[in-house]
Amino acid sequence: MLRNHPQLKHILSRAGWYLLTFLVAVTINFFLPRLGDANPVDAMMAKASSGLDTKSAREKEDAYLKEFGLVEIDPQGNVLRDAAGKPQRTSLPVQFLRYLGMSLRGDLGTSILQHPKRVSEIIKTALPWTLCLQLPTIIFGWIFGNLLGALAAYKRGVFDRGFYPLALLASAVPAFCVGILLVYVFGITLEWFPAVGGYDDGLIPTMSWAFLKSASYYYVLPFLSIFLIVVGGQAIGMRSMCIYELGTDYVKYAKLLGIRESKILLYMFRNAMLPQLTGLALALGSMVGGALITEMIFSYPGLGMAVLTAIQGNDYPLITGCTLLVTVCVLIANFTVDILVGLLDPRIRAAQAGAR
Amino acid sequence: MKLFRGLLKSPAFLVGMTLFLGTLLIAFLAPLFMNIDPHRRVGLPFMPPSSEHWLGTDHMGIDMVSLLVAGLRSSLHVGFLAGIVATIVGTLIGVYGGYKGGLLDDILTVGTNLFLVIPSLIVLILLSSSLEEGRSLSLIALIIGCTTWTWSARAVRAQSSSLRSRDHVNLARINGYGTFGIVMLHILPYLLSYIFMVFILQTATGILSEASISMLGLGPYDSVSLGKILNEAIRNEALTDGAWWAFAPAMVLITVIAFALYVLNTSMEGIFNPRLRK
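Residue numbers (the working numbering), protein chains in the order written: chain F, 7 to 362; chain H, 164 to 441.
In short, the hints are calculated from the structure, not lab data.
Glycine is no exception: its CB is placed at the ideal position from the N, C-alpha and C atoms.
Worth double-checking, as some hints may not be accurate.
[To be verified] Just a few of them, taken from the derived set where beta-carbon distance is under 10 Å, the chain H residues facing chain F: (1) Ser293; (2) Asp330; (3) His331; (4) Leu334; (5) Ala335; (6) Ile337; (7) Gly341; (8) Gly344; (9) Met347; (10) Leu348; (11) Leu379; (12) Val415.
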């Protein structure tokens, strides 16, 4: 049945691959934080047990142990204990299976720092900020960077000589340095834009005009700092890609045929775009990582800030929840790019047709 | 030899090399001429630059020049160690998979692509936050190396699989060389210049990754690094106090090293890659 739908087959095989990647990501997310001896309940008890007598401290510990799924419980909901009275620990594989089930249901556990609050709740308020900041920035940065790179490759001369070192510098500057520089110059010294935060104090995030106005004002600096870096990196890649395309036979042939410059440029651009799109899929992970750190510098109320506070407070459930979500977002973005490549690349189309 | 003369003629290479050697000189010669002690308080917090303390003091009143030199040394240490680890892991996986082909190559490729897609910063965060105690400089370098090898494995694999069916490799196989011998004697030498370029980029990645992770507060516990200087400066509100000397020099140093390494890499690519050579 699939034979007649090569596109669908491509999409399904990619989907299968990404499902595998997701499973690996969940596994890493579960096991890496458990490599050390750090245990969320010990961390919480250190904070909560002061001023409690042994009995109530023990009750509290039991409640926490149950909440984080670290111990076996009997049908009545009591913690099972061994002969010495110590709580029976759930084995790691069982914990992992439970964690897997919970994550698939969207339940990421409870935060330690903001205790009764669910991790999924915290993420739900942070995620829109991150998406609104990073998605447009990366897309526009990619488009603009590619246009600039193609232009530099085509024009060469003075424009290229000035542009190339600048772009190289922009791609070498770490994301957070641009962020710090913008905060210092435009936020603190010149006071053109607010330096930190996502919206004015005292406003409540709603779809009101006042809130949107304030939020877009705060948007400028973080947007710029991520944008500049994406543009620099992409422009360099596109430039060398286009220089290579300029030397190929089809461009020479087209020139000999006397085809208009603008038309040749269009052909070249189309051919150089595809590797750039594949490149985007590979670079997304590091771009998102850099953007997360930028968010922290601007104290932007997104996932980056959530990760930072979680790390500072040893809030393991929140750390793993955020990292898992970031990974999932990157995977979804990658999947989209992959499908786009499949739809656009004539070679993949031909291979699919040939496989029929 | 001709290649090296070509390198010395390329202005990009000279610029990159000068910048890079400059940072090395600062890191290794400065301690000979001045008293570098990144722990001793010499003045008030956030003192502006003066003739006594060229770059002022940080939030604890420690001389910034001392901090920067010590930080630069640890950043270079992390960068090189991470670069070596990542290059070795990536090259081994890439060369072996690319030469062998078949099922093993498929498995290695799938594994590489998996970790290429999962953001390495995420793995870094997870690993370092689980190692709460005892995050030494070398351990951090090791962790960084183990999370950033993926794209070098991918690049090396592509190169080595193109060498696989060359005549000289076939000849070696007919003559009875084993996989190890062929890889060591007939594939690796051809990739050396390429692997060296990979190493330069991996070192840059290592330095930038250390800075990123220190910015998160997951830096080394036992030493100063450039990322840690930035982290401390921001946490102690150097930005709002207008104490630019507490963060700007560290930023410049990180950028200069990364820029120098990138420029070195592109200039070498222009010389080593016959297609780009004019």
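To test your reading of the hints: which numbers does this structure violate? 2, 3, 4, 5, 6, 7, 8, 9, 10
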